[in-house]
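Chemist: My request is simple: use the sequences and hints to build the entire structure.
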Amino acid sequence: MEKDRLKRYKEKLEHIALRKREFEEWSPGILDNDKDKLSSYKAFQEMAEAVNDIIAMMLRDSGLLPEDNYTNIDKAAQHRLLPNALRPSLHEMTGLRNRLIHEYNGLNDETAVESALSLLPEIERFMEAAKKWLKR
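Here the sequence shown is numbered in our numbering, starting from 1 and rising by one per residue.
It should be emphasised that the hints constitute simulated quantities derived from the structure, not laboratory data. Don't take every hint at face value.
As a list, the in silico BS3-like pairs of lysine-lysine whose alpha-carbon atoms are at most 27 Å apart [said to hold, decoys possible]:
#	residue 1	residue 2
1	K7	K42
2	K12	K35
3	K131	K12
4	K35	K131
5	K12	K42
Modeler: This is the structure in structure tokens:
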């Protein structure tokens, strides 16, 4: 893999790690005021987008055509670029990201925060899987 491309992966992984730390740090008071809630939601959104960007990059670098985020997750698992066990949580993460941005069917903040917090360990597992894939 080209040096610049590898650098791009590393930058995205670092961005995920940064936003994950911020979300964890801010989460205790996340619902106390709109500023904290919106900044936390933005951190989660950026985390999810970077995860999906990496998946699309992995597909492209494996000679596969990236599509929408959900299809990319499935395709990455199907082609063993990522563990199949990550599929459900990556789908959930993408769905939560969409709900946070578009507020589909209203948004229950307590449920959204609970879901986001439950996904953080899975995002960590994704990061480890992506790093392992990069070393192949």
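Chemist: Does each hint hold? Answer for all of them.
Modeler: Hints, one by one, checked against the model:
no. : hint         : in the structure
1   : K7 <-> K42   : holds, 24 Å
2   : K12 <-> K35  : holds, 25 Å
3   : K131 <-> K12 : holds, 11 Å
4   : K35 <-> K131 : violated, 33 Å
5   : K12 <-> K42  : holds, 16 Å
The structure fails hint 4 only (numbered hints given earlier).
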